[in-house]
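Asks: Turn these sequences into a full structure, and let the hints steer you where they fit.
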Amino acid sequence: MSDAAAFEPRIVAFFCNWCTYTAADLTGVSRMAYEPNVRVIRVMCSGRIDPEFILAALREGADGVLIGGCHPGDCHYIEGNYKMLRRYRLLLKYLRAMGVDERRVRLEWIAASEGDKVQRVVNELTWTIRELGPLALPVMPQPEGAGASEESALAEANA
Amino acid sequence: MSNNGNGRTNGSPRIGVYICHCGINIAAKVDVERVTRFAETLPGVVVSKEYKFMCSDPGQELIQKDIREHDLNRIVVASCSPLMHEETFRKATANAGLNPFYFQMANIREHVSWVTKDKDLGTEKAKALVAGAVRRVSLHQALEKKRVDVHPDVLIVGGGIAGIHAALTIANSGRKVLLVEREPTIGGHMAMFDKTFPTLDCAACILTPKMSQVKDHPNITLWSYSEVTKVDGFAGNFTIQVTRKPRYVNEDECVGCMLCIDSCVYKQARVDDEFNQGLSKRKPIYIPFPQATPPVVVIDPETCMQLSKGKCKQLCAEACEKHAIDFNQKEEVIEVQAGAIILATGFKTFNPMRIPEYGYGRYLNVYTSLEVERLVNASGPTGGEVVLRDGSKPKSIAIIHCVGSRDHKTNKYCSRVCCMYSLKLAHLMKERSNAEVYNFYIDMRTPGKGYEEFYDKLLEEGTHFIRGRVAEVTDWALTDAEEGKMIVRVEDTLVGMPRRIPVDMVILSVGLEAQPDADDVRRLFGVSCSKQGWFTERHPKLAPVSTATDGVFLAGACQGPKDIPDTVAQAGAAAAEALAMIDKGFVELEPNTAFIDEEVCSGCKSCIPMCPYTAIKRDDEKKVAVINEALCKGCGTCVATCPSGAAQQNLFLDEQIYEEIEGVLNYV
Amino acid sequence: MTYLYYPGCSLKGTGKAYDESLLAVMKKLGVEQQEIDDWNCCGATAYMAVDQDRAYALASRNLALAEAQGRPNGKPVEVLTPCNACYLVLLKAQKRLEEDALGKRKLAGALESAGLNYEGKVSVRHPLDIFVNELGLDALKEKTVNPLNGLKVACYYGCQIVRPYSTFDDQYDPVAMDQVLEAMGAETLKWPLKTRCCGGSMTGTIPEVGMRLSFIILKEAKKRGADVIATACPLCQFNLECYQNEMREEFGEAVDIPVVYFSQLMGKAMGLSDRELGMQRLFVPFAVPAASK
Numbered sequence: 002m003s004d005a006a007a008f009e010p011r012i013v014a015f016f017c018n019w020c021t022y023t024a025a026d027l028t029g030v031s032r033m034a035y036e037p038n039v040r041v042i043r044v045m046c047s048g049r050i051d052p053e054f055i056l057a058a059l060r061e062g063a064d065g066v067l068i069g070g071c072h073p074g075d076c077h078y079i080e081g082n083y084k085m086l087r088r089y090r091l092l093l094k095y096l097r098a099m100g101v102d103e104r105r106v107r108l109e110w111i112a113a114s115e116g117d118k119v120q121r122v123v124n125e126l127t128w129t130i131r132e133l134g135p136l137a138l139p140v141m142p143q144p145e146g147a148g149a150s151e152e153s154a155l156a157e158a159n160a
Numbered sequence: 139m140s141n142n143g144n145g146r147t148n149g150s151p152r153i154g155v156y157i158c159h160c161g162i163n164i165a166a167k168v169d170v171e172r173v174t175r176f177a178e179t180l181p182g183v184v185v186s187k188e189y190k191f192m193c194s195d196p197g198q199e200l201i202q203k204d205i206r207e208h209d210l211n212r213i214v215v216a217s218c219s220p221l222m223h224e225e226t227f228r229k230a231t232a233n234a235g236l237n238p239f240y241f242q243m244a245n246i247r248e249h250v251s252w253v254t255k256d257k258d259l260g261t262e263k264a265k266a267l268v269a270g271a272v273r274r275v276s277l278h279q280a281l282e283k284k285r286v287d288v289h290p291d292v293l294i295v296g297g298g299i300a301g302i303h304a305a306l307t308i309a310n311s312g313r314k315v316l317l318v319e320r321e322p323t324i325g326g327h328m329a330m331f332d333k334t335f336p337t338l339d340c341a342a343c344i345l346t347p348k349m350s351q352v353k354d355h356p357n358i359t360l361w362s363y364s365e366v367t368k369v370d371g372f373a374g375n376f377t378i379q380v381t382r383k384p385r386y387v388n389e390d391e392c393v394g395c396m397l398c399i400d401s402c403v404y405k406q407a408r409v410d411d412e413f414n415q416g417l418s419k420r421k422p423i424y425i426p427f428p429q430a431t432p433p434v435v436v437i438d439p440e441t442c443m444q445l446s447k448g449k450c451k452q453l454c455a456e457a458c459e460k461h462a463i464d465f466n467q468k469e470e471v472i473e474v475q476a477g478a479i480i481l482a483t484g485f486k487t488f489n490p491m492r493i494p495e496y497g498y499g500r501y502l503n504v505y506t507s508l509e510v511e512r513l514v515n516a517s518g519p520t521g522g523e524v525v526l527r528d529g530s531k532p533k534s535i536a537i538i539h540c541v542g543s544r545d546h547k548t549n550k551y552c553s554r555v556c557c558m559y560s561l562k563l564a565h566l567m568k569e570r571s572n573a574e575v576y577n578f579y580i581d582m583r584t585p586g587k588g589y590e591e592f593y594d595k596l597l598e599e600g601t602h603f604i605r606g607r608v609a610e611v612t613d614w615a616l617t618d619a620e621e622g623k624m625i626v627r628v629e630d631t632l633v634g635m636p637r638r639i640p641v642d643m644v645i646l647s648v649g650l651e652a653q654p655d656a657d658d659v660r661r662l663f664g665v666s667c668s669k670q671g672w673f674t675e676r677h678p679k680l681a682p683v684s685t686a687t688d689g690v691f692l693a694g695a696c697q698g699p700k701d702i703p704d705t706v707a708q709a710g711a712a713a714a715e716a717l718a719m720i721d722k723g724f725v726e727l728e729p730n731t732a733f734i735d736e737e738v739c740s741g742c743k744s745c746i747p748m749c750p751y752t753a754i755k756r757d758d759e760k761k762v763a764v765i766n767e768a769l770c771k772g773c774g775t776c777v778a779t780c781p782s783g784a785a786q787q788n789l790f791l792d793e794q795i796y797e798e799i800e801g802v803l804n805y806v
Numbered sequence: 098m099t100y101l102y103y104p105g106c107s108l109k110g111t112g113k114a115y116d117e118s119l120l121a122v123m124k125k126l127g128v129e130q131q132e133i134d135d136w137n138c139c140g141a142t143a144y145m146a147v148d149q150d151r152a153y154a155l156a157s158r159n160l161a162l163a164e165a166q167g168r169p170n171g172k173p174v175e176v177l178t179p180c181n182a183c184y185l186v187l188l189k190a191q192k193r194l195e196e197d198a199l200g201k202r203k204l205a206g207a208l209e210s211a212g213l214n215y216e217g218k219v220s221v222r223h224p225l226d227i228f229v230n231e232l233g234l235d236a237l238k239e240k241t242v243n244p245l246n247g248l249k250v251a252c253y254y255g256c257q258i259v260r261p262y263s264t265f266d267d268q269y270d271p272v273a274m275d276q277v278l279e280a281m282g283a284e285t286l287k288w289p290l291k292t293r294c295c296g297g298s299m300t301g302t303i304p305e306v307g308m309r310l311s312f313i314i315l316k317e318a319k320k321r322g323a324d325v326i327a328t329a330c331p332l333c334q335f336n337l338e339c340y341q342n343e344m345r346e347e348f349g350e351a352v353d354i355p356v357v358y359f360s361q362l363m364g365k366a367m368g369l370s371d372r373e374l375g376m377q378r379l380f381v382p383f384a385v386p387a388a389s390k
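Chains G, E and U are the protein sequences, given in the same order.
To convert, note that position 130 of the first sequence is 131 in this note's numbering; the numbers rise steadily by one, no gaps.
To convert, note that position 663 of the second sequence is 801 in this note's numbering; the numbers rise steadily by one, no gaps.
To convert, note that position 199 of the third sequence is 296 in this note's numbering; the numbers rise steadily by one, no gaps.
Each hint can be trusted.
Here are the computed lysine-lysine pairs in the BS3-like style, where the Cα-Cα straight-line distance is at most 30 Å:
{"no.": "1", "chain 1": "E", "residue 1": "K669", "chain 2": "G", "residue 2": "K118"}
{"no.": "2", "chain 1": "E", "residue 1": "K533", "chain 2": "U", "residue 2": "K287"}
{"no.": "3", "chain 1": "E", "residue 1": "K190", "chain 2": "E", "residue 2": "K255"}
{"no.": "4", "chain 1": "E", "residue 1": "K623", "chain 2": "U", "residue 2": "K319"}
{"no.": "5", "chain 1": "U", "residue 1": "K238", "chain 2": "U", "residue 2": "K124"}
{"no.": "6", "chain 1": "E", "residue 1": "K550", "chain 2": "U", "residue 2": "K192"}
{"no.": "7", "chain 1": "U", "residue 1": "K240", "chain 2": "U", "residue 2": "K109"}
{"no.": "8", "chain 1": "E", "residue 1": "K187", "chain 2": "E", "residue 2": "K283"}
{"no.": "9", "chain 1": "E", "residue 1": "K531", "chain 2": "U", "residue 2": "K320"}
{"no.": "10", "chain 1": "U", "residue 1": "K287", "chain 2": "E", "residue 2": "K623"}
Per label pair, the in silico range of CB-to-CB distance:
{"no.": "11", "chain 1": "G", "residue 1": "P73", "chain 2": "E", "residue 2": "K405", "range": "48 to 54 Å"}
{"no.": "12", "chain 1": "E", "residue 1": "R408", "chain 2": "U", "residue 2": "P261", "range": "39 to 45 Å"}
{"no.": "13", "chain 1": "E", "residue 1": "K547", "chain 2": "U", "residue 2": "A211", "range": "34 to 40 Å"}
{"no.": "14", "chain 1": "U", "residue 1": "R321", "chain 2": "E", "residue 2": "D464", "range": "51 to 57 Å"}
{"no.": "15", "chain 1": "E", "residue 1": "E391", "chain 2": "U", "residue 2": "P261", "range": "58 to 64 Å"}
{"no.": "16", "chain 1": "U", "residue 1": "D197", "chain 2": "E", "residue 2": "H677", "range": "34 to 40 Å"}
{"no.": "17", "chain 1": "U", "residue 1": "E350", "chain 2": "E", "residue 2": "K547", "range": "32 to 38 Å"}
{"no.": "18", "chain 1": "E", "residue 1": "G588", "chain 2": "U", "residue 2": "S263", "range": "41 to 47 Å"}
{"no.": "19", "chain 1": "E", "residue 1": "P585", "chain 2": "U", "residue 2": "E350", "range": "49 to 55 Å"}
{"no.": "20", "chain 1": "E", "residue 1": "H677", "chain 2": "U", "residue 2": "R321", "range": "56 to 62 Å"}
{"no.": "21", "chain 1": "U", "residue 1": "L213", "chain 2": "E", "residue 2": "K547", "range": "33 to 39 Å"}
{"no.": "22", "chain 1": "U", "residue 1": "A211", "chain 2": "E", "residue 2": "D630", "range": "47 to 53 Å"}
{"no.": "23", "chain 1": "E", "residue 1": "R408", "chain 2": "U", "residue 2": "V242", "range": "40 to 46 Å"}
Simulated from the structure, these hints should not be mistaken for lab results.
What you are looking at is a predicted structure, and each value in this text was computed from that prediction instead of being measured.
Beta carbons are placed, not taken as given, at the ideal position from N, Cα and C, and that holds for glycine.
Replies: Rendered as structure tokens:
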């Protein structure tokens, strides 16, 4: 593992166009500086975020992923954020089984007026992942080792 | 589906990348030169350039020239937020003959330079975002915007001076307006005021003619005592549900003669009169004020004997020759269509009970400024005579500024109107009661035409000004002179000492707050609001009456505290914006709808229940899902749900997003 | 419910009558209490001004002790804190432990060095809060044998009980003490100085300022016809009661009025003896007027 002081996490964020992306613009307009580790990808709705995007980001080298949507009840498309919430819950189970610390993937509802929340959440996530260190995805298990890896992941989850 | 509009996009992508300095806004925290050189190395990039202001005409011309000279077929601009200038650059791209959707923007101002302290780190982040955009744009496809006809009518919500002015402006242009007001009458706060600053025009004299114009205008439909309860659709074609509350009086029959009020079984008026701020009483059947518009009485079901107890002699109904009274009237829900919506829902005044040290509600002779507006009003509860609740006439009056404004415990913002209306009330109180008037202020804020001159006039009139935030209004006397008075305790910051000023009357200049249900209303119309509840404009400077939702505009104090001149100006602007949209006749929709690849779709139906607009059906013959493009709003939820990748979203194709992910991560 | 009792230093010294009367009243009402073992000074306002970290550590030690001694019964620990200053300081310490991550770390270190640990399971309660919101006014009425009929009481709460935290009462116009004494038959004064500062420790350090603050309170209570001032704080009681002679000289106006603890008045209504209530410790003697019996 690399030197903790030199480690700078890479984080991909998926922000919905109407609330969180706009909030991030407001953070900028308000000149509220935050950690430069997040790269934002804009989608129209958090409901558009396929869990595979998150897995792809982790596979391609992201140490964490941030998902931003409108507050419950505020979705521009009525309920896309609820769909995202469901997928997120399932995804966390999957990540646990994979041995990925679930603190690396964070879902936040951030309204267009909450520029300060973007700053806070990005900073918190960056600091958390800095402490967790780089993401080391488990090596593809050998066929006979598959059960063992699942057990160890389970044991970790139960610990 | 990919219909390349210009015939030049066959073959591999030829990308032009343009990095904006935005003066020093970007350049201060991003090494633009380094990013530009970096972009050159990315696959597919043919030219990479930097420029001071990409959004300027020469900046746009630079792109257009390169498209022609270098035969570019993809454009990336790294500058501000796409919410700011995406349209600008799409148009520039289109003007050079390229399909505007072969364009992608990287946000290196709001998301990088303005939020990053270290220039090296900012540069790295900018490089990542540019790489993501370049990778993504390679897979962009040509798209066409869809045109939809616009319904020519306008809905205006709120019948204060903002709504009234906007309604008249639009109606005068020949367009139809539906004005919906929650109260039984239009007029809003302005109808309650006595005089207006700084000219001391009588508020009623300038407002009531406009109110009757609204009533009589052939192009305006006025629904008072009604609320919007549902909004569907989008810019150009909104479907709005309006709930009309029963007023138990047939509006078409009532002539406003008020014989019913005289004959009510309640001989004495016993109910607090809302319009007079509870300073007088009304009967269960009433008209808010003589010039109420529509001039129709209303029955309050909570205090009416017939409606609350089910038993009454119904003398009011007997007295009405037009038989307008109808105790069986029911709530009515009506659906209407409109192309544009103007929100003019106004404000409410701060409730000073939240600052208990000012004694409102505890001391009889502490008033809010709005109560005093009624008190000095010739048509108010005392006929304009300054008589206190205890029947006495005040010899000394304190006006406390900034109650619920510029206060970290309540509202941090300045309510903008209080200094001026406090001066106005100081003038009126002195004129009507000849009392000594003390203004307690933090700072005098009088920016406006004729405002500072008005302040000057007050200084000459002999009104006292004491600079300092009042600590407390109390009734404990230290000296005999203070006995029986209210004492205003304040630190006079100009003299540098605490003072006690005994007075007979205290006026609290209450600030402006968002309506208590602003959060519900903004949800209904799909606009956002600030933490204080003020509706958010699309851009504070350049789009002050538009909202993030196309076709919904803002007028007046619902967007933030405003005085009457500013409110009327903004209402005019909102009317003009709405008219501009309607007179164009059509709106263009972002081509980000979803579609199904029938070859791949297995007909599993997973997507169908995901769609909030029921835009997806299954073609049972072909055994595939079909998306109705007219109904699709482009959220992409079905796309994320589809297990086989058959559902896709224009502008947000899976592979475009994967490319962007890889781009922002592996740019080095 | 057994409350852990945190008397604080004053109730063992100048405010002994508060301690005696409160314990006697609670016994009569069947409220069980147990004094925290090995408690220490809360630090009051003075230490806070000198060294915040140490002051907080001092206060937190009491919270940690209470948690350790109260936890075994498995219920949340309620610390009964009659002194206004102690009450505020313990609340302040709790707030710091809850909200200030750095402050919490420092305090945890300090506690650890004393073999202690605080998990945040303590709730700090004022006796007025207990009487009104736990026992209820009906229980007080039930125990009243000599109602305080006709006695006009100026309830004086002091500042620290409601500022900056108002945990159980209105911040500007608290009513708990009025409710308690009204339930026992007294008439209470509507007056605006219920929470105005008495001068606090200023009476000792800058007497001309401190005494004036106390004087304003006494004068107003007397002017509004109060027979007695009831307090909930040992320092308030001391300031208001002990300088009345000096005030007469200083301000040329007599402000002689008895100043007692609210718990003493409760005790009188419940038929407890003067001894049990520490009435003999008062400088300005007070007896419930015969007319009110």
